[in-house]
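Sequence lines, in order, name chains A and B.
With this note's numbering as the guide, the letters of the first sequence map in order to residues 29 to 556.
With this note's numbering as the guide, the letters of the second sequence map in order to residues 120 to 287.
Check the hints yourself; a few may be wrong.
[What the hints assert, rightly or not] Taking CB as the label site, the calculated pair distances span:
| no. | chain 1 | residue 1 | chain 2 | residue 2 | range |
| --- | --- | --- | --- | --- | --- |
| 1 | A | Glu377 | B | Lys261 | 29 to 39 Å |
| 2 | A | His50 | B | Lys261 | 56 to 66 Å |
| 3 | A | Arg156 | B | Ser152 | 25 to 35 Å |
| 4 | A | Ala485 | B | Lys231 | 54 to 64 Å |
| 5 | B | Arg191 | A | Met147 | 55 to 65 Å |
| 6 | B | Arg122 | A | Asp180 | 53 to 63 Å |
| 7 | A | Glu362 | B | Arg122 | 24 to 34 Å |
| 8 | A | Asp180 | B | Arg128 | 54 to 64 Å |
[Stated by the list, open to error] To be clear about the criterion: a stretch of chain A counts as covered by chain B if any three or more of its residues have a C-beta under 8 Å from a C-beta of chain B, and this derived list gives those stretches:
| no. | segment |
| --- | --- |
| 9 | 311 to 323 |
| 10 | 531 to 540 |
No lab work stands behind these hints: they were computed from the structure.
The beta-carbon is built from N, C-alpha and C at its ideal position, and this holds for glycine as well.
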Amino acid sequence: MSRFDWLSELIARCEEEHILFHGGSARELAPAHVLHIDIEDWGKFAVMAAEQQTRWCAVWAVQQDEETLLMNACFEKQGDYLVIRAPLDIHSPVLPSQAPVFPAANRPERHSQDMFGVMFGNHPDSRRWIRHQAWDEEIFPLRKDIRMAHSDQVAPADTYYPFFQAQGSGVYEIPVGPVHAGIIEPGHFRFQAVGETILNLEERLGYVHKGIEKIAEGRDAEGLAKLAGRISGDTTVAHTWCACMAMERAANVAVPRRGIYLRALLAERERVANHLGDIGAICNDVGFAFANSQFSRLREIWQRTQSVIFKHRLLMDTIVPGGVKVDLSSQQCETLSQQHAVIKTELNELMAILNDHASLEDRLVSAGHLSHELATKLGVVGYLAKASGVDYDLRRDHAYAPYDRMNIDSPCYQQGDVATRLQVRADEIIHSLILMDTLLQQLPDGDIANTWKPPVAICEGLGMVEAWRGEIISYVQFDATGKISRFYARDPSWLNWPALEQLIDGNIVPDFPVCNKSVNGSYSGHDL
Amino acid sequence: MLRLFNKIRKTGMVTETIAVDSDLQALGIEVKSVINKRFAGSFAIRAVDSGSCNACELEIHALNNAFYDIERFGVHFVASPRHADALLVTGPVSQHMAQAVLDVWEATPEPKWLLAMGDCAVDGGEFAGSYAVMGGIAKILKPDVIIPGCPPTPEVILKAILGLLHNT
Numbered sequence: 029m030s031r032f033d034w035l036s037e038l039i040a041r042c043e044e045e046h047i048l049f050h051g052g053s054a055r056e057l058a059p060a061h062v063l064h065i066d067i068e069d070w071g072k073f074a075v076m077a078a079e080q081q082t083r084w085c086a087v088w089a090v091q092q093d094e095e096t097l098l099m100n101a102c103f104e105k106q107g108d109y110l111v112i113r114a115p116l117d118i119h120s121p122v123l124p125s126q127a128p129v130f131p132a133a134n135r136p137e138r139h140s141q142d143m144f145g146v147m148f149g150n151h152p153d154s155r156r157w158i159r160h161q162a163w164d165e166e167i168f169p170l171r172k173d174i175r176m177a178h179s180d181q182v183a184p185a186d187t188y189y190p191f192f193q194a195q196g197s198g199v200y201e202i203p204v205g206p207v208h209a210g211i212i213e214p215g216h217f218r219f220q221a222v223g224e225t226i227l228n229l230e231e232r233l234g235y236v237h238k239g240i241e242k243i244a245e246g247r248d249a250e251g252l253a254k255l256a257g258r259i260s261g262d263t264t265v266a267h268t269w270c271a272c273m274a275m276e277r278a279a280n281v282a283v284p285r286r287g288i289y290l291r292a293l294l295a296e297r298e299r300v301a302n303h304l305g306d307i308g309a310i311c312n313d314v315g316f317a318f319a320n321s322q323f324s325r326l327r328e329i330w331q332r333t334q335s336v337i338f339k340h341r342l343l344m345d346t347i348v349p350g351g352v353k354v355d356l357s358s359q360q361c362e363t364l365s366q367q368h369a370v371i372k373t374e375l376n377e378l379m380a381i382l383n384d385h386a387s388l389e390d391r392l393v394s395a396g397h398l399s400h401e402l403a404t405k406l407g408v409v410g411y412l413a414k415a416s417g418v419d420y421d422l423r424r425d426h427a428y429a430p431y432d433r434m435n436i437d438s439p440c441y442q443q444g445d446v447a448t449r450l451q452v453r454a455d456e457i458i459h460s461l462i463l464m465d466t467l468l469q470q471l472p473d474g475d476i477a478n479t480w481k482p483p484v485a486i487c488e489g490l491g492m493v494e495a496w497r498g499e500i501i502s503y504v505q506f507d508a509t510g511k512i513s514r515f516y517a518r519d520p521s522w523l524n525w526p527a528l529e530q531l532i533d534g535n536i537v538p539d540f541p542v543c544n545k546s547v548n549g550s551y552s553g554h555d556l
Numbered sequence: 120m121l122r123l124f125n126k127i128r129k130t131g132m133v134t135e136t137i138a139v140d141s142d143l144q145a146l147g148i149e150v151k152s153v154i155n156k157r158f159a160g161s162f163a164i165r166a167v168d169s170g171s172c173n174a175c176e177l178e179i180h181a182l183n184n185a186f187y188d189i190e191r192f193g194v195h196f197v198a199s200p201r202h203a204d205a206l207l208v209t210g211p212v213s214q215h216m217a218q219a220v221l222d223v224w225e226a227t228p229e230p231k232w233l234l235a236m237g238d239c240a241v242d243g244g245e246f247a248g249s250y251a252v253m254g255g256i257a258k259i260l261k262p263d264v265i266i267p268g269c270p271p272t273p274e275v276i277l278k279a280i281l282g283l284l285h286n287t
């Protein structure tokens with residue numbers, strides 16, 4: 029299959045619809061292809077992109093000067109990425125929304141609305157999203173002329189957010205959060221229910237907004253890598269890798285082959301750690317404590333090895349711009365290989381018990397069903413997509429090094445329920461263990477990092493990584509002094525959170541925790 | 120079902136058989152005696168995420184795994200602040216969570232203690248100075264114990280709880 033063989037057809041269709049292109053480039057944000065269009069065509073282009081069955085990935089703005097915002101939207105098809113760009117006058121920042129054709133664009137556009145003050149004309153739901161009450165409606169934190177001062181004043185709670193209402197005999201409302209009963213991140217869920225049955229769920233996020241995009245500005249490469257590692261603590265490796273990938277592409281810094289292999293090893297370890305923990309937690313949410321205690325035991329063994337070999341239980345700050353920080357001795361490689369074998373044996377043993385357990389099956393099978401049609405329409409990613417028949421994995425379909433030289437086996441099922449999402453995770457653990465064995469066997473000799481050279485002219489780069497939750501996209505722009513002037517990271521949770529609202533419909537309220545856990549969106553990764 | 124029991128039998132008690140845990144064991148027993156003396160065998164903690172990146176939460180979860188098994192010492196995590204003796208706060212206190220954290224503290228009955236866990240809760244950590252965070256729990260409430268680390272390891276968290284119990 030040749031790369032981008034769908035692009036010429038999309039361009040031809042756009043030209044038929046009189047969408048004007050002001051040049052295109054394969055280099056500007058390589059490996060993505062860039063097309064420049066007029067801002068008036070922003071919505072019309074989305075219609076064409078939907079017609080060609082592309083998947084909507086991201087939208088972000090970059091302030092070019094005092095007058096102009098450069099709007100970016102990213103689409104994917106068959107593992108190839110397309111970025112469309114259009115300048116927008118900051119004094120009349122109105123553009124057509126892409127949300128009417130791509131539901132995935134709904135919240136990301138509202139994020140741009142709150143942070144940059146751009147207005148999406150025909151947006152189906154223009155309520156505030158990331159903004160609560162900490163700053164005024166007329167203040168747009170990411171504009172360059174806005175100096176967002178730190179304040180010691182406690183902001184009022186966002187009490188009057190206009191939630192969706194349902195009325196009728198027997199309909200009642202359950203507000204949950206932001207502080208939840210478990211040891212999890214904060215967010216608000218508003219249920220409308222009739223008896224036990226959920227009629228509607230509305231999510232309200234943004235509680236853990238930390239201003240990451242703003243405080244990224246002015247940092248050097250190392251500082252950004254550290255910050256990216258704290259976007260979502262459970263995804264520290266993948267977020268750091270993605271940010272570093274974007275920075276390295278921008279500054280044209282190569283990573284030595286050994287460093288690349290070690291990055292992949294770390295990313296696969298992170299995948300396994302999270303999947304192990306979550307399989308146990310999903311079972312725990314239906315009262316099957318045996319699985320939780322067994323899987324959390326395996327996770328702990330896994331983390332302890334990381335602590336000894338990589339000096340951090342969660343692998344934070346192991347990836348740095350230009351490479352990685354920790355090297356492996358041949359003896360350590362041997363230790364890791366042995367652990368892969370142990371985990372594989374234990375996992376197979378445990379999955380046989382889980383699959384054999386009728387009461388577990390009773391709770392997990394058919395719970396939280398997400399149809400293939402809905403998964404495609406919402407553009408979900410990662411295990412959520414793979415359990416609903418959407419067969420996409422960047423490591424295989426947008427093969428980046430070192431995965432481009434490997435055989436990537438990615439699970440895909442059709443059932444789309446909690447049980448299937450659990451199965452996808454178990455399969456992914458096995459595939460990751462095999463991958464890690466290959467990485468260790470083929471681990472090239474040489475340096476683990478190249479010296480970082482700060483860029484001396486304005487430059488930009490885009491990174492894409494398959495994290496354990498699915499695709500991350502990071503955009504980085506450097507100024508002429510080698511400091512970050514814009515950073516945007518789109519966590520997979522942006523695309524997966526909306527699916528939870530849909531897949532919970534018709535389920536009973538007590539099944540919400542297990543359905544939520546089976547999706548496991550990141551709050552911090554989403555709220556930025 | 121037989122396989123399940125067999126797996127439990129084969130796994131054994133990881134809590135006791137791990138050699139590196141001997142130190143922790145002594146520590147845990149010490150925690151237990153203090154708890155028995157002052158809290159009638161039960162010390163309830165409510166974890167509150169004030170805007171953390173979730174790494175601290177993962178390590179709190181680890182406290183409940185079979186290796187650390189914090190509940191055997193009488194320390195347990197509860198679902199409501201109304202059941203809690205102490206709040207364990209993570210995160211730099213985002214502006215959007217600040218009022219909620221104050222409300223949770225208000226809902227916790229006296230006597231109560233406050234533990235600040237992780238570099239973010241201590242002084243804002245990586246997010247210090249941001250417009251969107253208060254920059255540590257001390258900006259709104261006075262912590263009794265601070266537990267630095269990004270994130271602190273389960274051992275460190277357990278030691279901090281011991282420290283709190285000795286000081287009370």
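Right, here's what the structure says about each hint:
A beta carbon spacing of about 49 Å between Glu377 (chain A) and Lys261 (chain B) contradicts the range 29 to 39 Å that was offered as a hint. At roughly 59 Å, the beta carbons of His50 (chain A) and Lys261 (chain B) sit within the given window of 56 to 66 Å. For Arg156 (chain A) and Ser152 (chain B), the hinted distance range of 25 to 35 Å is not satisfied, since their beta carbons lie about 52 Å from each other. Taken as a hint, the range 54 to 64 Å holds for the pair Ala485 (chain A) and Lys231 (chain B), whose Cβ atoms sit roughly 56 Å apart.
As the Cβ distance of Arg191 (chain B) to Met147 (chain A) is approximately 57 Å, the hint placing it in 55 to 65 Å holds. The hinted window of 53 to 63 Å between Arg122 (chain B) and Asp180 (chain A) holds, with their beta carbons roughly 58 Å apart. Our hint of 24 to 34 Å for Glu362 (chain A) and Arg122 (chain B) holds, since their Cβ atoms are close to 31 Å apart. Checked against the hint of 54 to 64 Å, the C-beta distance between Asp180 (chain A) and Arg128 (chain B) comes to roughly 57 Å, which is consistent with it.
Figure legend: the segment 311 to 323 of chain A, annotated as covered by chain B; annotation consistent (3 residues with Cβ-Cβ distances under 8 Å, at least 3 required). By the rule of at least three residues with a Cβ nearer than 8 Å to a Cβ of chain B, the coverage given for the segment 531 to 540 of chain A is violated, with 0 such residues.
Of the hints listed earlier, those the structure fails to meet are numbers 1, 3 and 10, in rising order.
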